[in-house]
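**Q** All chains, full assembly: derive it from the sequences and hints.
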Amino acid sequence: MEGLSFAHLAAGLGAGIVALGAGFGIGKIASSAMDAIGRQPEAAGDVRGTMIIAAALIEGVALFGEVICVLLAIK
Amino acid sequence: MKGALILSLAILTLFSQIVLADHPPGESHLSVSPIDTSHVAAAQEGHGSGDNIGDVIMHHISDSHEIELPFIGAVHLPRLELFGIDFSITKHVVMMMLAATLLIVVLSFAARRRYLNEVPTGFAAAIETLVEFIRNEIAIPNMGEALGIRFVPYLCTVFFFILTSNLLGLVPFAATPTGNISVTAALASLTFIFTQAAGIKANGLGGYLKHFTGGVHPAMWIIMIPVEFLGLFTKPFALCIRLYANMTAGHVVILSLIGLIFIFGQGGANPWAGYGVAPLSIGFSLFVNLLEIFVAFLQAYIFTLLSALFIGFAAHSGHEEEGHEAHH
Numbered sequence: 001m002e003g004l005s006f007a008h009l010a011a012g013l014g015a016g017i018v019a020l021g022a023g024f025g026i027g028k029i030a031s032s033a034m035d036a037i038g039r040q041p042e043a044a045g046d047v048r049g050t051m052i053i054a055a056a057l058i059e060g061v062a063l064f065g066e067v068i069c070v071l072l073a074i075k
Numbered sequence: 076m077k078g079a080l081i082l083s084l085a086i087l088t089l090f091s092q093i094v095l096a097d098h099p100p101g102e103s104h105l106s107v108s109p110i111d112t113s114h115v116a117a118a119q120e121g122h123g124s125g126d127n128i129g130d131v132i133m134h135h136i137s138d139s140h141e142i143e144l145p146f147i148g149a150v151h152l153p154r155l156e157l158f159g160i161d162f163s164i165t166k167h168v169v170m171m172m173l174a175a176t177l178l179i180v181v182l183s184f185a186a187r188r189r190y191l192n193e194v195p196t197g198f199a200a201a202i203e204t205l206v207e208f209i210r211n212e213i214a215i216p217n218m219g220e221a222l223g224i225r226f227v228p229y230l231c232t233v234f235f236f237i238l239t240s241n242l243l244g245l246v247p248f249a250a251t252p253t254g255n256i257s258v259t260a261a262l263a264s265l266t267f268i269f270t271q272a273a274g275i276k277a278n279g280l281g282g283y284l285k286h287f288t289g290g291v292h293p294a295m296w297i298i299m300i301p302v303e304f305l306g307l308f309t310k311p312f313a314l315c316i317r318l319y320a321n322m323t324a325g326h327v328v329i330l331s332l333i334g335l336i337f338i339f340g341q342g343g344a345n346p347w348a349g350y351g352v353a354p355l356s357i358g359f360s361l362f363v364n365l366l367e368i369f370v371a372f373l374q375a376y377i378f379t380l381l382s383a384l385f386i387g388f389a390a391h392s393g394h395e396e397e398g399h400e401a402h403h
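In order, the protein sequences belong to chains U and Z.
Residue 1 in my numbering sits at position 1 of the first sequence, with consecutive numbering throughout.
Residue 175 in my numbering sits at position 100 of the second sequence, with consecutive numbering throughout.
Hints in this document: simulated from the structure, not taken from any laboratory.
Selected chain U positions facing chain Z (Cβ under 8 Å, derived; list incomplete):
#1 Ile52
#2 Ile53
#3 Ala56
#4 Glu59
#5 Gly60
#6 Leu63
#7 Phe64
#8 Glu66
#9 Val67
Listed next, with one range per pair, are the computed distances between beta-carbon atoms:
#10 Phe362(Z) <-> Met34(U): 20 to 30 Å
#11 Ile53(U) <-> Leu265(Z): 16 to 26 Å
#12 Ala221(Z) <-> Met34(U): 37 to 47 Å
#13 Ser5(U) <-> Ala348(Z): 26 to 36 Å
#14 Arg48(U) <-> Asn192(Z): 31 to 41 Å
#15 Leu13(U) <-> Phe198(Z): 45 to 55 Å
#16 Ala348(Z) <-> Ile53(U): 35 to 45 Å
#17 Leu178(Z) <-> Asp46(U): 27 to 37 Å
#18 Phe362(Z) <-> Gly16(U): 19 to 29 Å
#19 Arg48(U) <-> Arg210(Z): 16 to 26 Å
#20 Met295(Z) <-> Met34(U): 43 to 53 Å
#21 Leu13(U) <-> Phe369(Z): 27 to 37 Å
#22 Leu71(U) <-> Leu365(Z): 26 to 36 Å
#23 Phe184(Z) <-> Met34(U): 39 to 49 Å
Keep in mind the model is a prediction, meaning the values are calculated, not measured.
We treat Cβ as the ideally placed atom computed from N, Cα and C, and that holds for glycine.
**A** Laid out in structure tokens, this is it:
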């Protein structure tokens, strides 16, 4: 395989792994959030807000990876 | 539920007409959908032979020196160059100016003199709720009373500008200014400048420089200082990339899903495969569009929140933040 094919392969694999990581991370947050709301329904508003913020931050990291993969695939 | 189904069917019908007939780009944009299906169709035909879908997507995402207006076609925008720096008015610059104008008009309407002395009603009340939210939930908890109130105008500007820019991207024929990395880099640089300025103001120049050493033995300074210095830049860099990638990724997903129709239809060779995929594809695109609206709000909020957080950190603790914001 030459360099270019490696780059495309890496881009595809990388994007998949990034998505996997993000999925795991956000899944864990959502699961803890649901536990917390289950234990204490009055705190639902706070928990929900924090969950959304944490999810957005993790997505930020995931998208870092995606941007790099896209760069790999294009250049 | 029924409404969405009917809407999708309507879009599908319109869409199939576009694919079947050979309309010149200007005409086929009478779609009623909020989705940019018209874009892809126009681009496909505007580029003649239905280019590679990757090129179409790149064309939509990137900045360009032309702007495509609904019934007029492509309009060339002026190029300006000053001292070797390219200041031309490009598509994204036009969108930024549009966002700025919209904000000035709409928000000044909400901030009329009248409301200095009476309780605002209607639309102005909505804006006031948002501003109050920014002041009470974002500025003051993160920056303390005094500093918080002084920074509320900056945070409001950032929030509303990013929100409007993000939402503009969802309007047909408009582009997302914040989908351009230069724009988000500029916004992140502003936050960076304010963070450093607040740090210097609160701790003095000496205190600010001492922050770089991180409280370790002087022998370690040679390692510590460059690391800390670089660490200064990771947070705004993360802000920049987060906003840019969120906005661009959403648009790429929508365009890809719609492009699936063309890919399956193999550029006219097998249109029924294309039609078969169309309901699915448009359904997903609708869903992703709604998600994009949510992401627009969320990203504006996150940018504002993190700016407030960073400025607050810089001004207050210097370096004693345990649970130091992790590298994003």
